[in-house]
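Going down the list, the protein sequences come from chains A and B. Just so you know, our numbering puts 144 at position 144 of the first sequence, and the rest follows in order with no gaps. One gets our numbering by counting positions in the second sequence from 1 and adding 209 to each.
Honestly, the hints are just simulated from the structure, not real lab data. Warning: the hint list may mix true and false statements.
[What the hints assert, rightly or not] Restricting the straight-line Cα-Cα distance to at most 25 Å, the calculated cross-link-like pairs of lysine to aspartate or glutamate (DMTMM-like) are:
(1) B:Lys-613 - B:Asp-789
(2) A:Lys-72 - B:Glu-328
(3) A:Lys-133 - B:Asp-789
(4) A:Lys-133 - B:Asp-700
(5) A:Lys-158 - B:Asp-879
(6) B:Lys-229 - A:Glu-126
(7) A:Lys-133 - A:Glu-179
(8) B:Lys-833 - A:Glu-177
Take a look at the letters that make up each chain.
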Amino acid sequence: MKPSDIKVSRRTVLIGTAATAAIASVRPSLGATGDEVAAARMPLSLSINRRSYDVEVDPRTTLLDLLRENLKLTGTKKGCDHGQCGACTVIVNGRRINSCLSLALMHQGDECTTIEGLGEPDQLHEVQSAFIKHDAFQCGYCTPGQICSSVAVMDEIKRGVPSHVMADVAAQPGFTETEVRERMSGNICRCGAYSNILDAIMDVGGATS
Amino acid sequence: MRFDTPATTNPIDQLRVIGKPHDRIDGPLKTTGNATYAYEQHAAAPNAAYGFILGAGIAKGTIKSIDLDEARRAPGTLEIITYENAGPLGFAPFIPRTAALAGPRVTHYHQAIALVVAETFEQARDAASHIRITYSEEAGRYDLAAQYDTAPIAPDYILGPSEMRINDFDGAFASAPFQLDETYTTPPESHAMMEPQATTAVWEGDQLICWTSTQGIAVALGDLAAVTGIPPENIRVVSPFIGGGFGSKSFNHADISLAAIAARMVGRPVKVAMQRPLVINNTTHRPATIQRIKLGANADGKITAIGHEALFGNVENGWQESAIVPTRHLYAGANRMTLARMATLDLPEGSTMRAPCEAAGMMALEIAMDEMAEKLGMDPVEFRIVNDTQVSPDHPERPFSLRKLNECFRLGADRFGWQDRPSRPRAVQEDGWYIGMGTAAAIRGALAFPSAARVRLASDGIVTVECDMTDIGTGTYTVLAQTAAEMMGVDIDQVAVSLGDSNLPATAGSGGQYGCASSTGAVYAACVKLRELVAETLGFPGGEAIFEGGMVRHGETSLPLAIAAANGELAAEDLMEYGDLFQTFDQQTFGAHFVKVAVNSATAEVRVRSMLMVCAAGRILNPKTARSQVIGGMTMGLGGALMEELVVDKNRGFFVNHDLASYEVPVHADIPHQEVVFLDEVDPYTSPLKAKGVGELGISGVAAAIANAIYNATGVRVRQYPMTLEKYLSELPQI
Numbered sequence: 001m002k003p004s005d006i007k008v009s010r011r012t013v014l015i016g017t018a019a020t021a022a023i024a025s026v027r028p029s030l031g032a033t034g035d036e037v038a039a040a041r042m043p044l045s046l047s048i049n050r051r052s053y054d055v056e057v058d059p060r061t062t063l064l065d066l067l068r069e070n071l072k073l074t075g076t077k078k079g080c081d082h083g084q085c086g087a088c089t090v091i092v093n094g095r096r097i098n099s100c101l102s103l104a105l106m107h108q109g110d111e112c113t114t115i116e117g118l119g120e121p122d123q124l125h126e127v128q129s130a131f132i133k134h135d136a137f138q139c140g141y142c143t144p145g146q147i148c149s150s151v152a153v154m155d156e157i158k159r160g161v162p163s164h165v166m167a168d169v170a171a172q173p174g175f176t177e178t179e180v181r182e183r184m185s186g187n188i189c190r191c192g193a194y195s196n197i198l199d200a201i202m203d204v205g206g207a208t209s
Numbered sequence: 210m211r212f213d214t215p216a217t218t219n220p221i222d223q224l225r226v227i228g229k230p231h232d233r234i235d236g237p238l239k240t241t242g243n244a245t246y247a248y249e250q251h252a253a254a255p256n257a258a259y260g261f262i263l264g265a266g267i268a269k270g271t272i273k274s275i276d277l278d279e280a281r282r283a284p285g286t287l288e289i290i291t292y293e294n295a296g297p298l299g300f301a302p303f304i305p306r307t308a309a310l311a312g313p314r315v316t317h318y319h320q321a322i323a324l325v326v327a328e329t330f331e332q333a334r335d336a337a338s339h340i341r342i343t344y345s346e347e348a349g350r351y352d353l354a355a356q357y358d359t360a361p362i363a364p365d366y367i368l369g370p371s372e373m374r375i376n377d378f379d380g381a382f383a384s385a386p387f388q389l390d391e392t393y394t395t396p397p398e399s400h401a402m403m404e405p406q407a408t409t410a411v412w413e414g415d416q417l418i419c420w421t422s423t424q425g426i427a428v429a430l431g432d433l434a435a436v437t438g439i440p441p442e443n444i445r446v447v448s449p450f451i452g453g454g455f456g457s458k459s460f461n462h463a464d465i466s467l468a469a470i471a472a473r474m475v476g477r478p479v480k481v482a483m484q485r486p487l488v489i490n491n492t493t494h495r496p497a498t499i500q501r502i503k504l505g506a507n508a509d510g511k512i513t514a515i516g517h518e519a520l521f522g523n524v525e526n527g528w529q530e531s532a533i534v535p536t537r538h539l540y541a542g543a544n545r546m547t548l549a550r551m552a553t554l555d556l557p558e559g560s561t562m563r564a565p566c567e568a569a570g571m572m573a574l575e576i577a578m579d580e581m582a583e584k585l586g587m588d589p590v591e592f593r594i595v596n597d598t599q600v601s602p603d604h605p606e607r608p609f610s611l612r613k614l615n616e617c618f619r620l621g622a623d624r625f626g627w628q629d630r631p632s633r634p635r636a637v638q639e640d641g642w643y644i645g646m647g648t649a650a651a652i653r654g655a656l657a658f659p660s661a662a663r664v665r666l667a668s669d670g671i672v673t674v675e676c677d678m679t680d681i682g683t684g685t686y687t688v689l690a691q692t693a694a695e696m697m698g699v700d701i702d703q704v705a706v707s708l709g710d711s712n713l714p715a716t717a718g719s720g721g722q723y724g725c726a727s728s729t730g731a732v733y734a735a736c737v738k739l740r741e742l743v744a745e746t747l748g749f750p751g752g753e754a755i756f757e758g759g760m761v762r763h764g765e766t767s768l769p770l771a772i773a774a775a776n777g778e779l780a781a782e783d784l785m786e787y788g789d790l791f792q793t794f795d796q797q798t799f800g801a802h803f804v805k806v807a808v809n810s811a812t813a814e815v816r817v818r819s820m821l822m823v824c825a826a827g828r829i830l831n832p833k834t835a836r837s838q839v840i841g842g843m844t845m846g847l848g849g850a851l852m853e854e855l856v857v858d859k860n861r862g863f864f865v866n867h868d869l870a871s872y873e874v875p876v877h878a879d880i881p882h883q884e885v886v887f888l889d890e891v892d893p894y895t896s897p898l899k900a901k902g903v904g905e906l907g908i909s910g911v912a913a914a915i916a917n918a919i920y921n922a923t924g925v926r927v928r929q930y931p932m933t934l935e936k937y938l939s940e941l942p943q944i
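Isolated chain A, as found in the complex (with noise of 0.2 Å):
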């Protein structure tokens, strides 16, 4: 489908996005309008991992899905699709979020950068080497989401972003076992490498910090 194939109106967005947003209560009366939601893909432009793309989505698809589903990059893993587990981190502008809680026309502009923007298996990320070192996976499941919360969390000590552990929130966060385990415990391992990813991210910060 090509731009010039769109045939947007305010009405059709609204549906589609209604039927996202609260899918268990709202249920739009279908019939007529069915066509209208069929052809409600917008224009999109962002950045992943350093590539431009333009691409036409469904208002309801989230970030998770355009990455999973319409690019392939399926490096992201879905876990929940609630916001619930973490496998599904990616750092967009600099911050890690649960890209399965964001709509991907929220990100129009954006720079997004997923696991595999982060190495390549010749050519590995600092702390994807640290991770194998340490053997901090099992299953792998959770393992991209770990490791962009791991490359997220130290740049997050680094600029000073208060923790709930932290004594005083005004001052600069250490780089602890106890900061790190708090910051990380978004990202659920069910295999429970945990120690294992601790080690790992205690050993790159260490090196870098």
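Following the hints, position chain B against chain A.
For chain B alone, coordinates are given in the frame of chain A:
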């Protein structure tokens, strides 16, 4: 090859590659997002349509009507599969006992009612919201405790007899100078693996290929055939990477059958990932238990009577969470009684979860041991050591193949600083935190099952291992590469491993911590054959060639291994089978847990400060990946101790907290540094590699060690898991 006599010296004993802490060979793929899981097969199925499951809104009853009109008119809808158009569906022979697709009967909450297939995920989800179902709802049995007095003895099952009485338990217990009689409860738990059940189904003519997330390829294939009626020879199942399973993916769920049927109906590939909020009620869980333990002992600490009754529930003919199993193997005591009772429930089906039976049983038994030690005035470590046995206690004629449980306790106590444990509860308080230590034993069966593998040698010297074994995070890719490297005398980077494809030789799959011994045994057998083939090709007399450093040596002659394949690839395949050694000997893995906790004196919040486990589990093939397995079990066990509980709605019959926010599992902030020590041992009775498994040993007993540490810290004994603070906060001293 048949393994029916104890292993003697063989090439594995060189330990050039085996026993070394090699990094995972799949690490570069997994850490870069290049490992593709079941739902991510864009290359194989670029035009896959999306399936979205609609789950039943009642636990028990009948579907009165299904109105699909609006959903069919919704944009993008390709097909909607319900019982009315799916065709007849059968059942897998073992698990699950409940139907993949409801209709007209509904037998559990969130059972699949429909699969909506659409062009996009968003369209499928939207269309599903337009399906109108009406039900005739029936009352069900959802409360295990309500059947405590009435539930019958469990039917005979694969776990052994449901009732065993040895000597005079009742008399010995009644006359014992020291007695314990307490009841413990464990809640239903969820596997909560990170990747939900998922399948991409592709038809090519009458051939079906399913990329699915499964622990066992052969079971997945056979059960899919049984449910759908598709001839097994027309099915290929592929599962190169699996996002965790812990038993939930030992058996098929709705995703694979419905994806296969849907792909045939719409004439194009269909992929289905079970939506997370459905996983807990649609699939399976670890069933709850109520356990009563009676111990009688003499003043010297010797157990004279040991009794363990367990009540669990499930659907009819379902899995039995027989928590009495570990008691039959763990401690001495001449007078014994074990009894399993089973209630029939209309909850979602219970099934195997990491260390089924042992995990739940040890949660109770190892608190009871702690309580009895206190009654006796003995150190809990010493009490366990005194009651060690080198023969299977229910069958004294059956020795353990190897049992170094006491060594685990002694070494662990020394390393952990156990001598500093406060002998009285609530004796140590630091900065507003009560400090306590706890210990518990660990036991888990060590089995191996028939498995086959193929090993190929190419002209460039690369050795390729092929079998349908799965790596669910266990490190299987790596230990199989190590096994082949050791056997063929090459470096590990000269070995490639292909797994998880039903086109490859069949193995027992992953589960029951038997995967490692079974699959490495298969690779060993295939390599023995390949070595013979190589020696024959190079003109060396059989059995005398030495494989080392990429060379094959015989006498004064030494030739590169690759030369053997110069005129064409060499390949060997073999099936490893097992004799009766596992019957002659009781084969188990053992361990000792040590835990230190801090309990906040004001809020009763528990923080686990350190954890140590000492394991006796045969030869450890890769201490790095094996340690990860053990800490993974310890972490899941910590969840079982402190937070994990599926909460039953006893009126509507479902698990209320059915997602990853409300079913709480441990996170980074909950887990301290974890230390694991492996005893240096080999068990020649288990496999040619003298190895066992460790994937489930880590969870056995650890929850009780934490519970015992909480008691040591607070003086409050809680016997209902999980140990959430409302259960003991009111018992703490006023501040």
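Going through the hints against the structure:
Pair hint Lys-613 of chain B plus Asp-789 of chain B holds up; C-alpha atoms about 22 Å apart against a cutoff of 25 Å. Between Lys-72 of chain A and Glu-328 of chain B the alpha-carbon distance is near 16 Å, which keeps this suggested pair within the 25 Å criterion. Taking the CA atoms of Lys-133 of chain A and Asp-789 of chain B, the gap is near 40 Å; set against the 25 Å cutoff, the hint is violated. Straight-line distance between C-alpha atoms of Lys-133 of chain A and Asp-700 of chain B comes to about 19 Å, which keeps the hinted pair within the 25 Å bound.
Between Lys-158 of chain A and Asp-879 of chain B the alpha-carbon distance is near 24 Å, which keeps this suggested pair within the 25 Å criterion. About 23 Å separates the Cα atoms of Lys-229 of chain B and Glu-126 of chain A, which keeps this hinted pair within 25 Å; it holds. Restraint check for Lys-133 of chain A and Glu-179 of chain A: satisfied, since their Cα atoms lie roughly 22 Å apart, inside the 25 Å limit. For the suggested pair Lys-833 of chain B and Glu-177 of chain A, the alpha carbons sit about 22 Å apart, so the restraint of at most 25 Å is met.
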